[in-house]
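Trainee: Listed below, chain by chain, are the residues.
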Amino acid sequence: MSVIECMNDLGVTQSLALYKSFCTHAWLKDRKLGPFIDGNFKDTSLKYEVLKPCTEEVLAKVGLSTEEDINAAVNSSLKVADTWSNLSGHKRACHIYSLARHIQKHAALLAQMESLNRGVQSRDPKEFDVPAIVRYLYHYAGWAQLLSSTELRDWKPVGVVAAVISGSSPLVTLAQIVAPTLAAGNAICLKPPKCSPLPALLFASIATQAGLPPGVINVLPGDANVGRLLVTHSQVSKVMFSGLTGVGRLIRKQTAGLGIHLTMLLSGGKSSMVVFDSADVDSSVDGAVDAAWFNQGQVPWSLGQLFVQESIWDNFVSKLSVRVHRLRVGEAFDHLADVGSPISKDIIVNLTVATAVAQKNGLEVYQAHVPPGLPSDAFFPPTLIIGGLANSNRVIDDDSVPLPLVAVVPFRTAREAVTLVNNSRYGMAASVWTENTSLALEVANQLQVVGTVWVNCHGSIDAGVPFGGWKQSGVGVVGGKEGLLEYMQYKGVRFNMTTDAVEYKSFGMTPDAPACCRPLLSEQTTDGSVPLVDRTYKLYYGGAHKRPDGNSSRVVLSGTGKLVATVADGSRKDVRNAVEAAVRGQPTWWKLGAHCRSQILYNAAEKLHSRREVFISHLTVLYGATDEEDASKEVDACVSLLFHWAASCDKKQFIGGDASPSNSVLVSVRREPLGVIGIVQTPVQSPPGPWALLGFIALFAPAVCYGNAVIVIADSVHPTAALEFCEDDKLGRKDAPQSCHFQQRGHFLRPSPSSLSPTVGKAAMVAIIAVFSVQYTLRQSSMVAMVTGVKFGVPLDEVCKNDIPGPLLVLILKLNKEAPFKKDVFRAPGHQGNMKKLIHFLQAGRLVNMDNFSVYTIASVLKKFLRKLPGGIFGRDGEQQLFAVIDLPSTEEQRDQIHRLITSLPTYTQRLLVLLFGTFRVIATNAERARTGMTSEALGVSVAPSFFQSCVSDGKTAKMEDVIRFKVATRIMKFLIDNFGVSNLFGRENYEFYARITGRILKVEEDWIFSFRYPPDTLVSRQLSLEAEKTWLQYECDRWGLTFNLEAMSHQEESQSTPALIHIPEGYDPDAPSTSLGIIPENNLLESYTRLSISLEENGLFKGSSRSSSSSATTSHHMTLEELRAVNRYAESTKSLSYLPQVRSGQASQQG
Amino acid sequence: MSLCCTFDLGWLNSARINLPAVNLRATVLQSHRSVKKEWQAAWLLRAVTCIDLTTLGGDDTRTNVARLCAKAVHPLSSDLLLALGFEENDKRITTAAVCVYPSRVADARNTLARMGMADKIPVASVAAGFPTGQYLLKTRLEEIQTAVTNGATEIDIVIDRSLVLSHQWEKLYQEIQQMKEACGSKAHMKTILAVGELGSLTNVYKASLVAMMAGSDFIKTSTGKEAMNATLPAGVVMCRAIRNYYQQVGYKVGFKPAGGIRTAKDAINWLILMKEELGTPWLYPDLFRIGASGLLADIERQLYHYITGRYAAQHEFSLG
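Line by line, the protein sequences give chains A and B.
The first sequence begins at 3 in my numbering and counts up one residue at a time.
The second sequence begins at 462 in my numbering and counts up one residue at a time.
Since the hints were made in silico from the structure, they are not lab data.
In this text the structure is predicted, and so the values were computed from the model without any measurement.
There could be a bad hint or two in this list.
[What the hints assert, rightly or not] Below, simulated DSS-like cross-link-like pairs (lysine-lysine); rule was C-alpha separation at most 25 Å, straight line:
no., chain 1, residue 1, chain 2, residue 2
1, A, K128, B, K498
2, A, K107, A, K34
3, A, K34, A, K93
4, A, K540, A, K609
5, A, K128, B, K726
6, A, K128, B, K497
7, A, K839, A, K158
8, B, K581, B, K632
9, A, K838, A, K866
[Said to hold, decoys possible] Facing chain B, a subset of chain A residues (Cβ under 8 Å, in silico):
no., residue
10, S4
11, V5
12, I6
13, M9
14, A281
15, D282
16, D284
17, S285
18, D288
19, F335
20, H337
21, E437
22, N458
[Unchecked claim] Far from chain B by the CB rule (all over 10 Å, computed), these chain A residues:
no., residue
23, K31
24, L338
25, A446
26, P468
27, K548
28, D551
29, R869
30, E939
In this text, a Cβ means the ideal position worked out from N, Cα and C, and glycines have one as well.
Sequences are here, hints too, so could you generate the full structure?
Mentor: Structure follows, in structure tokens:
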């Protein structure tokens, strides 16, 4: 036809633009197809012809599986299942990820094969099935990655899965079965339908190309007999079937008594759609047509009954008829075809019969037309049965292939609609169409015998959402975590509380990430005299590399002191720009959706891996190591970590479980990102390693994966690692400036380096949209960092390697804040179950949400911890001494002796003691005012056995001397509690420590006032930046040996801490005698606790880093810098600067 | 000439639009229907004949309006036309109209008259407080009358969006009706709804109905001056309104997407929308227009590619 003719005939049906399926034919040509076993097609003599649907055209000859083949396939699966299930989660995730990538590469081939072999119109597999397959694979690759780190660690794979797919199942079923099976660690033997085995064979072949171990997927083409032999095979432990209800029933009979677990997705019966008069009529007409003829009507959710409210009946039916009339019937490869040819001619016969019956029953039949030129025996026009149900006269055997036929039925009320839909033997899915939300939810709830109810859409399935049928529509589900559990079994391996084999060193980073070791220092060789092509590191934000505002650079030195690079030196202006860019980009990033974000993170991992060698050599040089082992471990850990967060992306957005309080309420809870997060990465200088790249990824990936934008101030010692990462990062380039990495080096000569991070903090506050996920995000990120475990029953020096472990600190702090106002803390027992749980968490080094545990539980756990310390906290000698001391006549002497005893203990013991007794003291002081009953006497009685192990000889029989010793011990405790804070019992440093940690203000002797308060800022991100900034600042000074002047930083805090010194808030009972001891309760307990717990987690996060570095570097009799800072603040508040020289000497010693 | 029908508030209030479903429909339309090869060329030519070739700049003068008119008369270079089987200077291939500001109407009329095409290509003028509509009704009506006097036979009026946002449907109806009267019997009236500023698709649907009830010959998406221009979802909703109006009243109202339509693919998407939602009659210039200035260049490039098999550089075609 000429262009002019075409132009004048726009209304006439266009010529068939047939697209030949070249690539499928190329793939099929000369390929010997047969049972796919152990990664190869087996060439058998017994072959059958696979025909193009409804024609005689032979597409390929495929070898029929014999019983031998089935045995071979199951055995090969069995063999590989062992190694496959023993692969680490990350490696399995890599395999499935690779499969997803390869499917994407061959998307067109797979889609065309489906169209060719099943006759389905080409656009449906292209636009729906193949992308859905990819989505399923991505999603379950994520589950494979998360298996060992989630609550699923008790679930084990079942072994060999036999899957039978019938001809009526769409292509996506393949992935719905294969993806979770592989993720769970099973191997699979798949029997595709006899007449359309090609897509499955192609899929298996692609899987081999993707590197899947041979035997993990075996495909056995054949007839029903092959299916029977496969599902009843003695080595098969799980059968998955997708197809007709009748066949499902048969499989159930055949496998009865064999102990095989079944999952079935049955397509007998069809789904319903209910359109109310309050619906968007035009949209529901479109929805109905899509749902009915999508994929030839051969999907489990295809529409069969369309219920329309009487009041819109005429309008709806006329619109529907017009719309159906416009549907284009055509060959599979007609790219405009809406309706293809059915898979078999039987369907056409059945359709003709059903239509005739409907007509005989007095129902109106509306048929669109088949365009001239198409064979009438291979195509059937889209047909509507108007006025009533077409199959109402068949009740006994209604399990034949579902027909693409829509019965349009009127209804009067919502109640009637519900009855009509529920009145069926099947219950796969239904949809409700109305703009009236309460009506929609009410009806959706009433349709209780249906697996899925959609509102205002039909057939939107997703890998993350479970989908399955009720009644005779199936058993079990596909999709989501539930879909994964179909292929796993619970294996109750209970953890032994005492011998927990958790690797503390590597715990919490990521389940598979091996610990990185400290790189060895060695000389780095330099090249010749000609300079290499210069490598410039700029700032990176807004998706571009930018020069710093100040146009100056900083030097980065390697571990051996050689110059590695000069990097841009940022200033507050750059921070401002980065924050602006992040605020602009964040909504786009969030709106991309979890699936897309996870793909981008996966891609980042992919990019990182492809540049693995570059990073390894870079890190090796940067750390000044001799070999590349540590760096390669670190890079691998980074890849695994990125996988971890990519996997978590689309799995943690909903709060688990049904949050609805009652049936009449539907609660939909959604997690939203924080917005823009400022992250300051502090350098890790001490073993186990600098971790410049790992630290960066660990901080930024969790924040970004949930839809936040981040501004990262990179590791100030090793900034190039993070900058290298941004160099080739899709995150920044393609998808808007959502991740703004910003690197900055503070220089003390600059006006006020300390004001930089508060800038980030302030800007971040503006950007926060929802505070809901604050804790969540933070927890997640601290999960990544090392969390020190709290071991029970080992000497204290083993528990406190560098310092008191964070979790223990949090325990005590919670008591410190809350116990003073609760009755009988330390006396009343805690909840047994919770105690066990908490102890387990502590032992395992898991991060604990203290809000879940009562103070009683915590107190009991603390007591248990103390009791389990070998020799007691004071040690045997210490106990003896104390027993002697308490008998001394003079109080002064007692105090002196005890002071000497306590200060002779190791530092961590001193600190633990001061925290404990400080807490007891607060409890005791408040006993009267808050009427808790826990006076120092009562406390002494309750806790003495935990401190003095010698007063309980064996715990069973109490001897008289034990009772006497117990009484003495109680006295000692009372003495210690009463004297806490009154005299110099614990030493100044310890009091300072106590004041700093608890935020309480102490007045010990005349002129000693200790206070330490974080600025009372409720916004966590600010806290985070501030905290990190402190550590960073400290480190900077530390490193450069500079005068540490806190002026710039502390005047902001001073304004808050100074009033606190003079402010004595109203207690619970203003009439009670206010204590002269100067222990002042917190103003707002709840708030300050939240604040503190977070800042402590924060400390935990950086614990491996600066704190330990400074404490290990300075000798123990020196104050740590942090303490000095507290002292400084004290000095400042008293306008005395006498402590400052010590700061310098402390740093000087470190510099040396 | 169009008929106005009485204002029907009940009809308006029964309107329900489901945004996700409409968005889905818009996406599906783009992917499920595509035209290839000679059909693509034919559809592109059809698109050319539906273009209201537009210049609405603050810097418009007589000269660039003259150039615009010349392009409207010869939208495609003659060698392309010959290659496609037309005669050189085929009168069938012109744009549907030229569209200018009221003060440039006379210039356009004169140029077209000189080329002997004054009766073939109508001159459209924007009016009634274009682009915001935030003027007094009196002056807006005067604007329309002046444009008509100057020789515009099509008037693109804008509605006062504040009336939509505050749901003063009846007042909106009356205003549009008065504007229709101001257009007189000769000039067609296209009503610009400025969908980007109406807040919701339900408002778009209702405003479409009101505009049609008040007697508009066309409803048009945008002025091209808003932040959000013609989008397919808005187009889907407006087409459904046109279809429902036709079902109820029996009168065919035209549709004109405008703003942001720059590529040949965009144009074809809009044509597909017309064919799928409304049917073939809405593929011709009496019921369908595309408001565009840069679109023609891309269509020419695509036709060039259809004929020669390769793409031409932008500078090889005459300016519009």
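Trainee: Checking hints one by one. Is M9 (chain A) an interface residue toward chain B, by the C-beta closer than 8 Å rule?
Mentor: 4 Å, holds
Trainee: Taking 10 Å as the cut and beta carbons as the points, is K548 (chain A) off the interface with chain B?
Mentor: 28 Å, holds
Trainee: Just checking, D551 (chain A) versus chain B, shortest CB gap more than 10 Å?
Mentor: 31 Å, holds
Trainee: Using the nearest Cβ pair, does H337 (chain A) come within less than 8 Å of chain B?
Mentor: Status holds, d = 7 Å.
Trainee: Check the non-interface label on L338 (chain A): least C-beta distance to chain B beyond 10 Å or not.
Mentor: Violated, since 6 Å does not exceed 10 Å.
Trainee: Under the criterion of a CB-CB separation shorter than 8 Å, is I6 (chain A) in contact with chain B as hinted?
Mentor: 5 Å, holds
Trainee: May I ask you to test the interface hint for N458 (chain A) with respect to chain B, counting a Cβ-Cβ separation under 8 Å as satisfied?
Mentor: With Cβ-Cβ at 5 Å, under 8 Å, it holds.
Trainee: Does the alpha-carbon distance linking K581 (chain B) and K632 (chain B) stay inside the 25 Å limit?
Mentor: 36 Å, violated
Trainee: Verify the interface restraint on S4 (chain A): the C-beta must sit less than 8 Å from at least one C-beta of chain B.
Mentor: 5 Å, holds
Trainee: Hinted pair, alpha-carbon criterion (25 Å max): K107 (chain A), K34 (chain A). Please report holds or violated.
Mentor: Answer holds: K107 (chain A) to K34 (chain A) is near 23 Å, not above 25 Å.
Trainee: Grab the minimum beta-carbon distance between R869 (chain A) and chain B and tell me whether it stays above 10 Å.
Mentor: 61 Å, holds
Trainee: Check the hint pairing K128 (chain A) with K726 (chain B) against an upper bound of 25 Å on the C-alpha distance.
Mentor: Holds, at roughly 20 Å.
Consistency note: the structure conflicts with the earlier hints numbered 3, 8, 19, 24.
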